[in-house]
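Please construct the entire structure, taking both the sequences and the accompanying hints into account.
Residue strings, one per chain:
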Amino acid sequence: MSEPLLVVDDLHVTFQIHGGRAVRAVDGVSFAVRAGETVGIVGESGSGKSVTALAILGLLPSRGVTTSGSILLNGQQLLGASEHDMQDVRGRRAAMVFQDPMTSLNPVLTVGRQLTETITRHLGVKRDAARDRAAELLDRVGIPEPRQRLKNYPHQLSGGMRQRVMIAIALASDPALIIADEPTTALDVTIQAQVLELLREVVRESNTALVMITHDLGVIAGICESVNVMYSGRIVESNERHHLFASPRHHYTRGLLASVPRLDGAQGRLVPIPGSPSDVIAWSEGCAFAPRCPAVSDACRGQAPELTISPDDDNNGTLRCVQPAPVGMPVWSGR
Amino acid sequence: MLEVRNLQVHFPIKKGLVFDRTVGAVRAVDGVDLTIPRSTTLGLVGESGCGKSTVGKAILRLVPLTAGTVTFDNLELSALQNEELRKARRHVQMIFQDPYASLNPRQNVESIITEPIRTHQLRTGAAVHQRVNELLDSVGLPRGAASRYPHEFSGGQRQRIGIARALAAEPDLIIADEPVSALDVSIQAQVINLLADLQEQLGLTYLLISHDLAVVRHISDTVAVMYLGAIVETAPAEALYTNPRHPYTLALLSAVPVPDPVVEDSRHRMVLQGDLPSPSNPPSGCRFHTRCVYAQSRCEQDRPVLRELAPGHQVACHFAEEIAVSISATRGGDVVL
Amino acid sequence: MSVLTRRQRAEQLNDPDVANSLTREAWRRIRQNPLAIVGGTIIVFFVLIAVFAPVLAPFNPRSNAWFDQIRPTSIPGPSRDHWFGLDEGGRDELSRLIFGARASLMIGVLSLGIGAIAGAFFGLVAGAFGGWVDSLIMRLTDILLAVPSLLLALSVAAVIGQSQTAIVVAVAVPNIPLFARMLRSSMLGERQKDYVTSATSVGVRRRSLVMRHVVPNSLAPMLVQASLALSTAIIDAAALSFLGLGSADPGVPEWGRMLANTTRLLNVAPHLAIFPGVAILITALGFNLFGEAVREALDPKLRR
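Chains as they are written, first to last, in the working numbering: chain E, 1 to 335; chain A, 1 to 337; chain F, 1 to 304.
Incorrect hints may appear among the rest.
[Stated by the list, open to error] Derived DSSO-like pairs (lysine-lysine); straight-line CA-CA distance at most 27 Å:
1) Lys193(F) - Lys87(A)
2) Lys14(A) - Lys193(F)
3) Lys15(A) - Lys151(E)
4) Lys151(E) - Lys14(A)
5) Lys15(A) - Lys193(F)
[Unchecked claim] Chain E stretches covered by chain A per the calculated footprint, using a threshold of three residues with CB under 8 Å from any CB of chain A:
6) 25-35
7) 153-164
8) 179-191
9) 211-218
[Unchecked claim] So these bits of chain E aren't anywhere near chain A, every CB distance computed over 12 Å:
10) Val7
11) Pro144
12) Gln194
13) Leu196
14) Leu257
15) Ala258
16) Pro261
17) Pro272
18) Ser278
Keep in mind the hints are simulated off the structure, nothing from the lab.
A virtual CB, placed ideally from N, CA and C, is assigned to each residue, including glycine.
Spelled out as structure tokens, the structure:
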């Protein structure tokens with residue numbers, strides 16, 4: 001087994017908000033990604049998944065934010081690195097694809113200009129060579145007539161095309177790691193399928209590590225090899241995807257799977273998770289999910305459950321629960 | 001109970017320096033027929049730009065109709081004007097997508113819910129307040145919510161407020177335009193269940209507009225698939241999902257991710273090429289032919305109309321039968337997954 | 001041990017029995033803002049001075065009883081009898097400054113009030129009716145905007161005659177098109193929003209739609225502009241008075257006029273020009289700071 005490319009260890013990100021309160025957006029997150037592997041982070045609003053992504057690339061605001069822990073990319077510490085060092089990393093060795101391509105692309109610059117900007121910055125090539133490479137990239141991400149597209153502005157392209165351009169920009173200097181934060185949420189479902197297919201190809205061809213952050217369990221099931229489930233700033237369960245979906249042990253994971261309508265109609269009546277994502281208690285006072293958990297007990301309050309390696313499977317799955325569901329209990333009873 | 005015939009909504013494109021000339025039109029809705037029997041749910045699905053939201057707004061006369069009729073229990077909604085239209089509005093209510101924008105931030109919940117009641121004089125005096133409490137109960141909100149303001153609630157709760165407001169007018173038909181798309185995953189189920197329960201209790205009729213095929217399957221009796229302003233297939237829900245006939249429906253269904261890795265690994269993916277054509281310049285003939293893997297020369301010339309292939313199952317495709325045969329030959333049992 | 005969820009804790013911060021309307025929350029934000037506290041204190045200070053001027057001022061501001069103490073090259077400065085000294089006409093400077101507060105505040109607030117309310121009226125009509133009414137009103141505001149405000153002020157003074165009324169009109173009128181456009185454009189923006197569409201679909205009458213839904217949500221930018229424009233109005237009023245458009249009587253205690261009277265004496269008695277100048281400055285600053293706090297409280301992007 002090769003050395004992991006990215007190792008996030010005990011990451012904490014705390015925001016100081018107006019009024020002196022501190023919000024722990026990320027409260028002790030650890031995971032690793034190997035080259036060529038696709039790791040998923042799934043969670044809803046308030047889970048801290050996007051903040052984790054921003055922390056990896058050093059994109060958090062500088063004021064009012066405290067971080068601790070370690071983020072190692074090929075052995076280089078990213079957390080707390082200087083802006084100068086991070087600028088070398090960003091776009092070159094690690095790149096990000098954002099959710100909304102309309103606001104993540106500069107509306108006043110042509111697509112070509114935004115691409116060549118990255119290419120000349122990181123690969124140090126001259127203008128013409130950069131344009132050639134830009135056209136190649138657009139072709140690789142499946143945009144027809146790439147040379148003409150270089151002259152287009154973002155608003156002249158459709159949502160799917162813009163997202164492909166974002167991916168092209170991310171690929172410009174052949175990064176070892178791509179972080180995709182809800183890359184297809186804003187897209188139509190058939191376009192989403194195209195973009196996911198493109199990401200799969202890219203990972204296959206270049207052996208890129210991909211961190212896929214999303215709330216969509218279907219996307220996770222289709223593209224990720226291992227999955228981390230985040231709730232209120234911590235990872236509550238992680239496992240290889242088949243094991244996670246076939247036998248989810250944390251009650252939040254189970255709740256999510258039971259409440260999501262499926263295309264193949266395999267559920268019967270939806271069982272929602274009661275309450276809302278803001279019905280949380282601080283991890284220091286017990287399990288954050290306790291107010292909404294169907295299997296809550298006294299042991300769940302008082303202190304945070306530790307992250308344990310599931311003893312019952314041989315898979316390095318981890319679990320943060322003192323009353324987990326037993327192994328081998330699927331959420332659906334079959335099709 | 002709701003009958004829509006040949007609905008067309010075209011938005012003119014104007015150009016010109018001084019005088020606006022109409023140079024073309026965006027054919028957002030280009031000939032749509034719908035029938036929704038009482039107390040059932042029709043799911044209208046499609047991707048962005050297909051015109052499904054415009055259909056909903058046209059039924060409510062929130063956008064002008066270019067042609068066609070909307071008839072509701074023998075009342076021709078499309079022909080009403082002014083005061084008559086205003087009074088008729090209480091029978092058809094809408095639930096909006098964005099729970100943050102669809103409530104007036106300066107009105108408290110009680111005021112929001114009583115507005116339809118007072119506007120149409122459905123209750124007076126003390127009965128109004130009582131009705132508000134009834135409505136809050138029926139959507140699962142605490143009674144104390146009445147004095148609070150929208151920004152004090154979460155997205156799911158605001159959506160419930162919106163539903164309570166829609167119910168306050170005692171409508172017969174509710175048009176739900178993407179009612180759960182803006183909500184967290186774990187909350188979507190709460191609202192979906194609520195809508196289903198209310199339908200059972202009150203005998204409501206729903207037109208559910210959504211891009212989320214899994215949600216639509218869950219509470220629809222009939223489903224209609226729209227593409228570029230026209231319906232390409234309509235069928236009872238079970239039939240559409242287990243036996244889709246139109247190539248677009250096939251592509252659509254095969255593109256929806258399923259939270260089950262076993263299914264995802266084994267399913268047939270039909271990935272469409274290219275992008276949606278512009279609604280102001282739709283392809284000739286069958287609007288889908290530019291992206292259809294089965295396209296023939298006829299498809300470029302003749303626009304197909306909806307024709308019935310099985311009871312209640314209509315498809316707008318020249319070669320629907322041939323395609324169905326070819327698919328079941330290659331895939332065996334399950335067509336989509 | 002009762003452990004509260006994050007939401008329960010947030011709810012407890014505000015009194016659960018008192019619903020939090022946006023207005024109440026905005027007011028709370030303003031109260032807590034240091035800018036508002038400083039600005040508000042300044043405003044209250046000058047308002048109190050203006051209101052209680054007859055009680056506070058030691059002498060009659062127009063009385064030139066000490067004219068005999070004035071020499072061409074020397075004017076008595078601050079002394080035990082006259083804390084701020086005498087002005088060029090032998091009048092008590094402190095009393096004039098105190099009564100000047102009254103004049104300046106009144107003119108500033110009145111002129112802005114008239115301008116804002118008239119502007120809001122036209123903006124409301126334009127935004128509510130649309131069509132040719134809207135176009136007509138907008139063309140009229142265009143015309144008003146095209147006239148340089150100083151020229152307008154001079155014309156008004158020429159018609160009405162030099163007086164404080166002329167200043168009020170001259171400051172009020174240029175504000176009318178600004179507020180009209182602002183309210184109209186807010187209304188146009190709010191009309192597109194979902195909650196207005198939903199009220200339409202409920203069957204709410206057109207009049208209620210405008211007055212109950214659109215207008216209350218369109219006022220925020222105007223409120224911000226009004227509070228910031230107050231400081232400009234005070235300065236403009238003083239400037240016009242300085243230029244001589246106000247009352248022709250040099251004895252009138254008004255800061256701008258006092259400045260006009262004393263700039264030629266900067267070598268002899270600079271304090272006579274500095275005092276009213278500083279008074280104008282601090283008053284305008286007070287309104288400006290408060291206006292900033294209002295803007296921060298009402299700016300939706302800064303919320304949460």
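Status of the hints after comparison with the structure:
| no. | hint | result |
| --- | --- | --- |
| 1 | Lys193(F) - Lys87(A) | 22 Å, holds |
| 2 | Lys14(A) - Lys193(F) | 23 Å, holds |
| 3 | Lys15(A) - Lys151(E) | 24 Å, holds |
| 4 | Lys151(E) - Lys14(A) | 26 Å, holds |
| 5 | Lys15(A) - Lys193(F) | 26 Å, holds |
| 6 | 25-35 | violated (count 0) |
| 7 | 153-164 | holds (count 4) |
| 8 | 179-191 | holds (count 4) |
| 9 | 211-218 | holds (count 4) |
| 10 | Val7 | 25 Å, holds |
| 11 | Pro144 | 8 Å, violated |
| 12 | Gln194 | 6 Å, violated |
| 13 | Leu196 | 8 Å, violated |
| 14 | Leu257 | 6 Å, violated |
| 15 | Ala258 | 8 Å, violated |
| 16 | Pro261 | 4 Å, violated |
| 17 | Pro272 | 4 Å, violated |
| 18 | Ser278 | 6 Å, violated |
Violation of the numbered hints given earlier is confined to hints 6, 11, 12, 13, 14, 15, 16, 17, 18; the remaining hints are satisfied by the structure.
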